[in-house]
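Chemist: Listed in order, the protein sequences are those of chains A and B.
For the record, in the first sequence the residue sitting at position 93 is 93 according to the numbering used here, with numbers rising by one throughout.
For the record, in the second sequence the residue sitting at position 220 is 220 according to the numbering used here, with numbers rising by one throughout.
A hint or two may mislead.
No distinction is drawn between identical chains; accordingly, a pair holds when it is met within one copy or between any pair of copies.
Here are the simulated lysine-lysine pairs, BS3-like style, with alpha carbons at most 25 Å apart [unchecked claim]:
#1 K96 x K199
#2 K146 x K223
#3 K223 x K82
#4 K189 x K199
#5 K199 x K240
#6 K86 x K270
#7 K146 x K199
#8 K140 x K42
#9 K199 x K38
#10 K199 x K223
#11 K67 x K119
#12 K38 x K183
Simulated from the structure, these hints should not be mistaken for laboratory data.
Protein chains: 2
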Amino acid sequence: MNCILKYLLVQVIILHITKDVFMEIELAKQYGFCFGVKRAIKIAEETQKSATYGPLIHNRLEIDRLKNDFNVDLKENIDSFKRGDKAIIRTHGIEKSDLIHLQSEGVQLIDATCPFVTKPQQIVEEMSEQGYDIVIFGDKDHPEIKGVKSYSKKDAYVVLTPDELRNINLKEKIALVSQTTRKISNFLKVANYLIENHKEVRVFNTICNATFENQSAASELSKKADVMVIIGGKNSSNTKQLLTICKDDCQDSYHIESVEELKKEWFNNKRLCGITAGASTPDWIIKEIFNEISKIS
Amino acid sequence: MNCILKYLLVQVIILHITKDVFMEIELAKQYGFCFGVKRAIKIAEETQKSATYGPLIHNRLEIDRLKNDFNVDLKENIDSFKRGDKAIIRTHGIEKSDLIHLQSEGVQLIDATCPFVTKPQQIVEEMSEQGYDIVIFGDKDHPEIKGVKSYSKKDAYVVLTPDELRNINLKEKIALVSQTTRKISNFLKVANYLIENHKEVRVFNTICNATFENQSAASELSKKADVMVIIGGKNSSNTKQLLTICKDDCQDSYHIESVEELKKEWFNNKRLCGITAGASTPDWIIKEIFNEISKIS
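Isolated chain A, as found in the complex (with noise of 0.2 Å):
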């Protein structure tokens, strides 16, 4: 465990006696960097005067330190590449068409992919190869999907609810997968309503470990807080399945991305202020918002 989350155990418990409110800020039991991007950060500050293609991470706060202080570019156009270039692949995997013409290129690729990414690919490229029809159960304008699709070898169908399907004529054996990042119990009802009306449902629980660890101790912790704060990308999708478990059980429930977006009123007569944040998310930037908050409540 490093300092800075020592540091915040050992905080774990703050009273703060105002006129007449307490209020104890508490962190979720599990929250933050997963393997994945843990990994992909170690990579990145290893292969320093290099470009990742697209950002590495949901978190534009880290990109920029890793910018400043590994001189690792972010490009967003994979034309600026160039022979003997070095591109790092993203946590989120890129698509398939985009990896060959990389190569084709004569780029030198580091792939950064998290390696519970690269399974869903693996999944959706050997079971279109069989014959399954492909459901992905996910974002279809997330990174992570577009490229766990492009690994199909046929049509592959990207849904979040089974509404979608019912207009989609599928065959007999149907592979399902699911992204990352999302909650178990949307990927049942997606599951459930293809077991009801196909012969065989070949499922494949593609949620990764830390997605659970974080949703389940953010449930635990938002059913007792009277307010909560998700810290993690704005466009991070672990971050906002954190936010919609969190508003489940506490309505004031706050996804921010820096210091500057905490507000006073958030806190006025609250007695727990619950803190949890995506698998993107820095200690360090939560350590920032955790003393901040220590601040003003």
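Starting from the known structure of chain A, fit chain B onto it as the hints suggest.
Modeler: This is chain B only, laid out in the frame that chain A set:
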């Protein structure tokens, strides 16, 4: 559509006026004999001077009829079959070791196993060969399930609820099949537990369409009926499922096997009596009971 059905459909609404009560009688839109049972009875009728190993279907009255009219005996003891005897395999199938034993003894086999039961037998055999752990959703004491389980090349686990799985140490890859006659909602509970806890669950929905259709029609009718009569063998799994489905919406639901079990008081002050029947219930029994209720009410 045969004459008996036409006769009953014409009579779907019979009004009986007593002093102060009207009672209608309505048949479910789908009920009674399924494809597999019709097929098995046809096979038995065409195989005179034979014996079934175990009851051909779960309806003792129909079995008596086959004995009396077609000389199709019922043998419960495998050793009573001798070389050259004709053994009819029941709709529910039998255990693989029994099949091999009969073959090795030179008994002539006539297979009346329902093709919808043969399917899970084949799946369990193939999936266990491929290294999947096998979970069977069903009643471990039911002949169909004893048969299906016997096709597994390794331990297979038979359960009715997710709770029964909690202490079983299953591997990451699991194949799940269902007894053909069970409720889909309970099958999904087991499927969901497995999906939540394992990487790959290959779900084979082996609940047969006739079961679906009979259950759906029974559910629809029980929502408006004051009393439901469910006709079928006392050890018929699909008939017992119909009873539980009807009880969800109509507390006064009764499972009977023959006309003698009807009780007048069930129909006191009722306005609508619904009738449905399990997949192994012949039309002549349904007609007899329909007529008797008409007289009572």
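Chemist: Hints first: check each against the structure and report whether it holds.
Modeler: For each hint, the structure was consulted:
1. K96 x K199: between (30 Å within a copy, 24 Å between copies)
2. K146 x K223: Intra 34 Å, inter 45 Å, cutoff 25 Å: neither.
3. K223 x K82: neither (52 Å within a copy, 69 Å between copies)
4. K189 x K199: both (17 Å within a copy, 17 Å between copies)
5. K199 x K240: between (34 Å within a copy, 24 Å between copies)
6. K86 x K270: neither (50 Å within a copy, 81 Å between copies)
7. K146 x K199: Between copies only: 22 Å across chains, 27 Å inside a chain, cut-off 25 Å.
8. K140 x K42: This pair counts as neither: shortest intra-copy Cα distance 28 Å, inter-copy 52 Å.
9. K199 x K38: For K199 and K38, only the inter-copy Cα distance (23 Å) is at most 25 Å; the intra-copy one is 40 Å.
10. K199 x K223: neither (39 Å within a copy, 29 Å between copies)
11. K67 x K119: neither (29 Å within a copy, 59 Å between copies)
12. K38 x K183: within (22 Å within a copy, 45 Å between copies)
Checked against the numbered hints given earlier, this structure breaks hints 2, 3, 6, 8, 10 and 11; the rest are met.
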